[in-house]
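Chemist: Just so you know, the sequences run in chain order A and B. First residue of the first sequence? That's 1 in UniProt numbering, and the numbers climb one at a time after it. First residue of the second sequence? That's 1 in UniProt numbering, and the numbers climb one at a time after it.
Any given hint might turn out to be false.
Straight-line alpha carbon distances no greater than 35 Å define the calculated DSBU-like cross-link-like pairs of lysine-lysine that follow [what the hints assert, rightly or not]:
id: 1; chain 1: B; residue 1: K12; chain 2: A; residue 2: K12
id: 2; chain 1: B; residue 1: K2; chain 2: B; residue 2: K12
id: 3; chain 1: A; residue 1: K429; chain 2: B; residue 2: K317
Residues from chain A that keep clear of chain B, each with C-beta distances beyond 12 Å, as calculated [stated by the list, open to error]:
id: 4; residue: G38
id: 5; residue: G65
id: 6; residue: A66
id: 7; residue: M73
id: 8; residue: E92
id: 9; residue: R102
id: 10; residue: R151
id: 11; residue: K260
id: 12; residue: P341
id: 13; residue: G348
id: 14; residue: D395
id: 15; residue: G491
id: 16; residue: H557
Note that these hints are calculated values from the structure, not bench results. Virtual Cβ for every residue (Gly too), placed ideally from N, Cα, C.
Protein chains: 2
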Amino acid sequence: MKASQFFISTYKEAPADAEVVSHKLMMRAGLIRRVSAGIYTYMPMGLRVLHKVEAIIREEMNRAGAIELTMPMIQPAEFWQETGRFAGMGPELLRLQDRHGRDFVVQPTSEEVVTDIARSELRSYKQLPVNFYQIQTKFRDERRPRFGLMRGREFIMKDAYSFDKDVAGAQASYQTMRQAYRAIFDRFGLRYRAVAADSGAIGGDLSEEFQVIAATGEDAIIYCPDSDYAANIEKAEALAPRAPRPAPTQPLVKTPTPGKSTCEDVAQLLQVPLTSTVKSIVLATEELDAQGVVVATQLWLLLLRGDHAMNEVKVGKLPGMENGFRFASEGEIVAAFGSKPGYLGPIGVRADVKVVADREVAVMADFICGANAEDFHYTGVNWGRDLPEPALVADIRNVVAGDLSPDGKGVLAIERGIELGHVFYLGTKYSKAMNATFLDENGKPTWFEMGCYGIGVTRLPAAAIEQNHDERGIIWPDAIAPFTLVICPIGLDRSDAVRAKAMQLHDELAAKGVDVILDDRGERPGAMFADWELIGVPHRVVISERGLKEGQVEYQHRRQTEPTKVAVDQLVSYLAEQNVYGLVP
Amino acid sequence: MKASQFFISTYKEAPADAEVVSHKLMMRAGLIRRVSAGIYTYMPMGLRVLHKVEAIIREEMNRAGAIELTMPMIQPAEFWQETGRFAGMGPELLRLQDRHGRDFVVQPTSEEVVTDIARSELRSYKQLPVNFYQIQTKFRDERRPRFGLMRGREFIMKDAYSFDKDVAGAQASYQTMRQAYRAIFDRFGLRYRAVAADSGAIGGDLSEEFQVIAATGEDAIIYCPDSDYAANIEKAEALAPRAPRPAPTQPLVKTPTPGKSTCEDVAQLLQVPLTSTVKSIVLATEELDAQGVVVATQLWLLLLRGDHAMNEVKVGKLPGMENGFRFASEGEIVAAFGSKPGYLGPIGVRADVKVVADREVAVMADFICGANAEDFHYTGVNWGRDLPEPALVADIRNVVAGDLSPDGKGVLAIERGIELGHVFYLGTKYSKAMNATFLDENGKPTWFEMGCYGIGVTRLPAAAIEQNHDERGIIWPDAIAPFTLVICPIGLDRSDAVRAKAMQLHDELAAKGVDVILDDRGERPGAMFADWELIGVPHRVVISERGLKEGQVEYQHRRQTEPTKVAVDQLVSYLAEQNVYGLVP
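Chain A on its own, in the form it takes in the complex (with noise of 0.2 Å):
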């Protein structure tokens, strides 16, 4: 390719509106351009990079026996009123009419459209297995998109769903994406963690994440350092401390703490760690009749240690939180605890409130907590002594740094992530809602079992920046570059020998597989240079007539400072070398 022949546009700053440094990178590289908020043109440049994202994924998904299909973007309401999502699934899904007012939605994602084709489709168990996926524009209308191909309103996703005749296949279907998403992330060249994930009501394990590694991820990963555990931070365990509870040794006190509402107030005005404060969280869980009314409310109070946050996904698989939960309003709260919240406690509460321990609160002594009475808190409370045994003990919490691994191998340790990937299984969710059957080996009509697996195909680019890229630009890793190597010829117009030499090596290059670009474009080579580094492609050539004449050209990695002297006629092995990808030498 030549630069002259392509779109190249390239900016010096970043518009107002872009927050993180993938959204300005792509801004100013010229990947992108705003259409509305959340709504982009991918650019030439931009294009390129997505085409190789999606020939990756294609490849992979082939070997890996799934089928390619492509749904429609806009998609009968009907479908999406059998499984309840037309109405459930609130403003994100974006919903239209056409022109005989009949309702569409334009597709999110495409469970419904793909599980219609299944029930008329898949017949017999003799046809299943099926993965079927596409690559496909989807749209979630988001209330507040930003930062630019992170979090967009309309995006390219690939979708894949497999289709089973019982669990066990369900399950093998499910291992068999797992490592085809490996496979896909390896070859993306990027540092990422496949991380177990929640895997909601359906329970067991089968759900993981793919997250790809950066400081600005808007997710925290756990993993252990020693072991190869890793979940997000819904679904990872605190397990239980292993040390059992300390005997008592301080007194119940009834303290004065005024305006102190906070664990962390509290623990700075009794000069005590905040490790040994309790926080009070009070939620409540309704009953309701045929017509929805509510007929009776439950209160909980939930108790975490002072520095620890509260896990909602896991709180939600208590017994009874099954149709979920809110939380106490300060009335609900005064009227049953005698005290405005920030003072609340679990000694002599009420006995119809289901008060729910943390395990790591479970094994604390001498501890503090609130009074129930505004401005006292208690110190020195105990189990047992001072009040009953929690009813309940659980994981409640987020886990945090240095808490046990799951596996029993060490420490957690955080990161940050950007949720690139989702391996999902499904079961019969979908298909008994929408009534999808195919006849088993005794002819008798069975739900499928389900599984999704996703990858944010625009949403790659901006991960991979947030992840590489220095204060000139981007570092696009060989595999999903715009272009693997530019040359650069200084001088062009002046020189037959330059223009001949970057000629030669561009062609001789492309034919050796390799997606080079030739810059000539006759910019200065200030301005040339700072370009491709900004564009962030990783390998760089320089031709000069004074280096012609010593016989030699100038090679840099992106990453790389200055650049290294290579003999024109050694250039193709020294690439070779440098792993440049695609070339076949």
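With chain A's structure known, arrange chain B on it following the hints.
Modeler: Frame of chain A; chain B shown alone:
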């Protein structure tokens, strides 16, 4: 590819709503699946065809210097309001609102967004010419979607947009695209014609349609078998007759024609050829004031030979018709002509009615027309003698087979076609509307000269099938077949020799570049052959135990009715002689 690892779904019957053969065969062969009216899933077998079509288009567009990008499906109304198309485009434009109540459209094409890109990214004449293209999902909310992919609502289109600094540049860009389209359509392997089309108000001859020839096509293609003249029916010019007007031989007679209000009826009644009659069509144009209120109505009397049809595009170009016309109401006609329609004619017409005679009518003598009196026609009518020469003589009719070719090289013939591509010079229509300018050589802001170029990607397989099918199913051209060659083993499960040879040939042909599928499903020969004949794979190799004992396999092209025995060790060279696509022996 092994059939057992792919998804094959064929049907004996087409659904009841499939009216045309391509729709029936695409459904029966499992290429597409209906999701809603005019909205389809491209099933794995169909998607392979689309991917091949897209690859050919992409290669040739890139070769022609066009640059690929991807514009969004969901586009903000603001751009469409700038060009007036948001309000003006009618219900085919699918409109929707996001969660904040902002207006959007689903793109039917992308002139607005690409022009917005140009006005901010293309700042100088030095950046021109540029041609941006995309291969992207589109939506047109057709009132009556039908014929499967032939007139769908959601479809894939390749749309390209060129930007030039002046008309000469735009003409050059147009010619480049025209050549690229010829290369693309040549590679598809379909019989097609590039036909001149009407270029609307812009004038000039820079509009051509690429029509795939098919007896079932919606469009009439006019061509000259003795030259390369080809045009669509709107465009094809009807030359003035060479022979001069004959001298009058009959007297003018007012003849009773009770109840005979059509030329056909009058000709039959009077026992004269239809070509002796003249039909009268009354049109109206309106003058509006600034508030859009009609302040004046002009009536027009158009005269056509009885066997000819009015061409609305040609009529719309008459001086005075620039702002559109409508058919006059019966009330207007009676008031102006003193007779109801069916008995109108040019004799004694009120002076304020503009009379336009078709070129053919202008040289008629002794003709028959209405007498402006119910149940009466004139016979023996002659220009100059019985009525004044027509105020305006123009080409206002559709050509018919046998008309003189406009290039003077023979007579015209007509065949049917399906429009698959269109190249079109846009001029400054969109750049003016959106004030999209660049700085010219003198630093002066100048509107871009634009062109647009479309190919209906998803419509193409339907057109290919309309052109290439028989009673057994589809017959794909090699380049866009879902698979190029199928290996059908007989008794795969019974014979190790058959299995081994089938596998070996599959691997060998795949390695030599053939897109081959091995049918290892274990179907009986009849069902297996019927499937592949329905699907339309062009080349078939049958391997049987008996054949192998004689060292032979059977080859049959989809168009052949009998197989040919080929020595198994000569197969590759034999296939090379059959020009099997992709084969590098």
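Chemist: Each of the hints needs a verdict: does it hold here or not?
Modeler: Consistency of the hints with the structure:
Of the pairs offered as hints, the one joining K12(B) and K12(A) is violated, with about 62 Å between alpha carbons and a cut-off of 35 Å exceeded. For the suggested pair K2(B) and K12(B), the alpha carbons sit about 23 Å apart, so the restraint of at most 35 Å is met. Distance restraint check for K429(A) and K317(B): the Cα-Cα separation of roughly 62 Å exceeds the 35 Å cut-off, and the hinted pair is therefore not satisfied. Distance check for G38(A) against chain B: the nearest CB is about 9 Å away, which does not clear 12 Å, and the non-interface claim fails.
Annotated as non-interface, G65(A) brings its C-beta within 12 Å of a C-beta of chain B; the closest such distance is 6 Å. The non-interface label for A66(A) is inconsistent with chain B: the shortest C-beta to C-beta separation is roughly 10 Å, within 12 Å. For M73(A), the requirement that its beta carbon stay farther than 12 Å from each beta carbon of chain B is not met, with the minimum near 5 Å. Separation of E92(A) from chain B is inadequate, the least Cβ-Cβ distance of about 8 Å not exceeding the 12 Å criterion.
The beta carbon of R102(A) sits about 8 Å from the closest Cβ of chain B, which is not more than 12 Å, so the claim that it is off the interface is violated. Even its closest Cβ contact with chain B, about 15 Å, leaves R151(A) beyond 12 Å, as expected for a residue assigned away from the interface. The Cβ of K260(A) sits about 42 Å from the closest Cβ of chain B, beyond the 12 Å cut-off, so the non-interface label holds. No Cβ of chain B approaches the Cβ of P341(A) within 12 Å, the least distance being about 33 Å, so the stated non-interface status holds.
G348(A), annotated as away from the interface, keeps every beta carbon of chain B farther than 12 Å; the closest lies near 47 Å. No Cβ of chain B comes within 12 Å of the Cβ of D395(A); the nearest lies about 36 Å off, and the non-interface call holds. Against the 12 Å criterion, G491(A) stays outside the reach of chain B, whose nearest CB is about 20 Å from its own CB. No beta-carbon of chain B comes within 12 Å of the beta-carbon of H557(A); the shortest separation is about 27 Å.
In the structure shown, a violation is registered for the earlier hints numbered 1, 3, 4, 5, 6, 7, 8, 9, in ascending order.
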